[in-house]
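Asks: Spelled out, the chains give:
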Amino acid sequence: MSEALLQLNGVSKAFGNIMAVDNVSLTLADGEFLSLLGPSGSGKTTTLQMIAGLAHPTSGEILLAGRPIRPLPPYKRDIGMVFQNYALFPHMTVARNIAFPLEMRDMPRSEVRRRVENVLKLVDLPGLEERYPRQLSGGQQQRVALARAIVFEPKLLLMDEPLGALDKRLREQMQLEIKHLHTRLGVSIIYVTHDQDEALVMSDRIGVFNRGRLEQIGPVEQLYEQPTTPFVAEFIGESNMVRGAVREATSGRCTLDTDDGPLRGHAQHAVPPGSTALISVRPERVRLEGENAHDSDRNVIQGRVCEVIYMGRLRKYVIETRGGHRLIVAQQASGVQVRSFTVGETVIATFAPEDAVVLHDSI
Amino acid sequence: MSALSSDRLWPWLRACLCLAIVIFLIFPMVIVVIVSFSSAPFLTFPPPGLSLQWYRKLASLPVWFDAISTSAMIMIPSALIATAAGTAAAVGLARGRFPGASAIASLIMAPMVVPVIITAAAMLGVFRSWGLQGTVLGLILAHATLATPYVVFTVLAAMRLVDQQLESAALTLGATHWRAFWRVTFPLILPAVLSGLLFAMVISFDELVVSIFLSSPTVRPVTVQMWSDVRGDVDPTIAAIGALLLAFSIGVLLLETVLNRQRTHPFAARAEETATQAAP
Chain Y
1 MSEALLQLNG VSKAFGNIMA VDNVSLTLAD GEFLSLLGPS GSGKTTTLQM
51 IAGLAHPTSG EILLAGRPIR PLPPYKRDIG MVFQNYALFP HMTVARNIAF
101 PLEMRDMPRS EVRRRVENVL KLVDLPGLEE RYPRQLSGGQ QQRVALARAI
151 VFEPKLLLMD EPLGALDKRL REQMQLEIKH LHTRLGVSII YVTHDQDEAL
201 VMSDRIGVFN RGRLEQIGPV EQLYEQPTTP FVAEFIGESN MVRGAVREAT
251 SGRCTLDTDD GPLRGHAQHA VPPGSTALIS VRPERVRLEG ENAHDSDRNV
301 IQGRVCEVIY MGRLRKYVIE TRGGHRLIVA QQASGVQVRS FTVGETVIAT
351 FAPEDAVVLH DSI
Chain E
1 MSALSSDRLW PWLRACLCLA IVIFLIFPMV IVVIVSFSSA PFLTFPPPGL
51 SLQWYRKLAS LPVWFDAIST SAMIMIPSAL IATAAGTAAA VGLARGRFPG
101 ASAIASLIMA PMVVPVIITA AAMLGVFRSW GLQGTVLGLI LAHATLATPY
151 VVFTVLAAMR LVDQQLESAA LTLGATHWRA FWRVTFPLIL PAVLSGLLFA
201 MVISFDELVV SIFLSSPTVR PVTVQMWSDV RGDVDPTIAA IGALLLAFSI
251 GVLLLETVLN RQRTHPFAAR AEETATQAAP
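First to last, the protein sequences are chains Y and E. Residue 1 is where the first sequence starts when you use this note's numbering, and the numbers rise one by one after that. Residue 1 is where the second sequence starts when you use this note's numbering, and the numbers rise one by one after that.
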């Protein structure tokens, strides 16, 4: 995982006045699983198409194994791609579909047959060679598309929301299978999705897209623990955000004056005193306590329970704070030291400054 | 109450109207077919008896044989040219994004909109100066021009149904644009291409106006021969040739319908086959 397989340097794509992809730079290591996560229309699919050669950057450069990719037409890039709707050829059998990339490479027939057989075993579809795509279930079609994209052993595999059309159970099963396949084949994967859970389960790193820009890219944990923009904090997992004026900021620590009193958190980027900023904290990092709990190290917000949602493992509380904000708190539903609260009860919500991130107010 | 009766009256009226139109359009053709089997020596209806004498006469007259073979010699190449050109144009219009695409589209469609007599006169003028007037080649080119828009229409409709991602997928799998077209796109639009071919054949075989302008005494398609015959002595031979043309057109259109059915359920027959094979 050391050498860079793919590199995007300041890649942009404009459709008329609209910047579909805006100055995106990223590096993909050999063997890495990178997810591009973002709402629909945020530029992740266009980025994928530029890597595949189906679209061309308006500016910027893409390097594959250190060499500019631009002169190569898509059919010479040797990059496998799985499309959102699978794009299986309806007039060809499963075997012919999978053999297609091999035939395009003029491989001898016996070799084609051997490889098709092997890859069908790999995706767990033996015996369906002579079926037509429309005779297969969604999950089977997905596997055929995957088999067709990896049968020619590309170094890089692009997947564009490949599980979007499957139901939840099948999706979860396929997520694991794709992840296993990734480890087994050692192929690098760029995986486009709008489903944050999917990205969290599968990826080594995640790049979060918003309005054509790559907001943040990093290992899964880093994105969750240290989001650098409010968008990332909201898009990956749930976040409570409170707006406030920066009172003081010293070496990563920062205090905000909010409607709910002073709140402390850590800031990754310098936030100048006097400016408005957001403080963000995850629901599961907030603790609810009775009236008179006091711990001077923690941030304290007073409020009233206005909704309780029982979710099995967790109980979610919606708190209306004294300052008029909504605060979501997730607590273990069972446990010795956890007491539950009822609607209307007055509570104190606390969280440690280490668990709160102060972000530029860019929403 | 009046609302109720008008509710009942309207469908009834509509059915009558449709029936009347159908009879009005179909009945002359039925009469032509019946008269072609007449035993009378002239055109009369109802015929006094049945015989095959007019078909025998038709076969014995070399002028009809020549006319039919001239028509065939024009029909086959012109239909092939129209199909090839029309398919290429449809693919280009459906996939290409280039300036003036809509202008080109309307230019191709022009023969469908411009009155045939105008097209015919224009072709006569140009073809005469090119030395194509009165030649088989001239008629081939003229009919190809007339039939191309129909092919473009049919194939364009089919191209709009072919998912562009299939072509993208073929490219990422290593196919050049050329191979992607022949291996993926073309098989999927083939039924429409064949429909277009059949339409082009019928258009060429039935065409009269342009053919009158461009034909000569030696190069005379069957429709022109019929036209000149009708103006002279009319005997039931003309009904016999009319019945033959009718049979040809109906046959081609039936073939087209069969193809169309396969297009709406592509691979359905084979799907059933494999399904029954899979079941033990």
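One or more of the hints may lead you astray.
Now the stretches of chain E that chain Y is said to cover, found in silico as 3 or more residues with beta-carbon under 8 Å [stated by the list, open to error]:
1) 23–29
2) 161–175
Some residues of chain E that are not near chain Y, with every Cβ distance over 10 Å (derived) [as the list claims (entries may be wrong)]:
3) Asp7
4) Leu132
5) Asp206
6) Leu244
7) Val252
These are calculated hints, taken from the structure and not from any lab test. We put the CB at the ideal spot given by N, CA and C, even for glycine.
Asks: Run every hint past the structure and note whether it holds.
Replies: A quick look at each hint next to the structure:
1. Against chain Y, the stretch 23–29 of chain E contributes 0 residues with a C-beta closer than 8 Å to a partner C-beta. That does not satisfy the three-residue criterion, and the hint is violated.
2. Interface restraint, the stretch 161–175 of chain E with chain Y: holds (11 residues with C-beta to C-beta distance below 8 Å; minimum three).
3. Asp7(E), annotated as away from the interface, keeps every beta carbon of chain Y farther than 10 Å; the closest lies near 43 Å.
4. For Leu132(E), the non-interface assignment is confirmed: its Cβ lies about 41 Å from the closest Cβ of chain Y, beyond the 10 Å cut-off.
5. Every Cβ of chain Y is farther than 10 Å from the Cβ of Asp206(E); the closest lies at roughly 33 Å, confirming the non-interface assignment.
6. No beta-carbon of chain Y is positioned within 10 Å of the beta-carbon of Leu244(E); the least distance is around 37 Å.
7. Every CB of chain Y is more than 10 Å from the CB of Val252(E) (nearest about 25 Å), matching its label as outside the interface.
Of the numbered hints listed earlier, the single one contradicted by the structure is hint 1.
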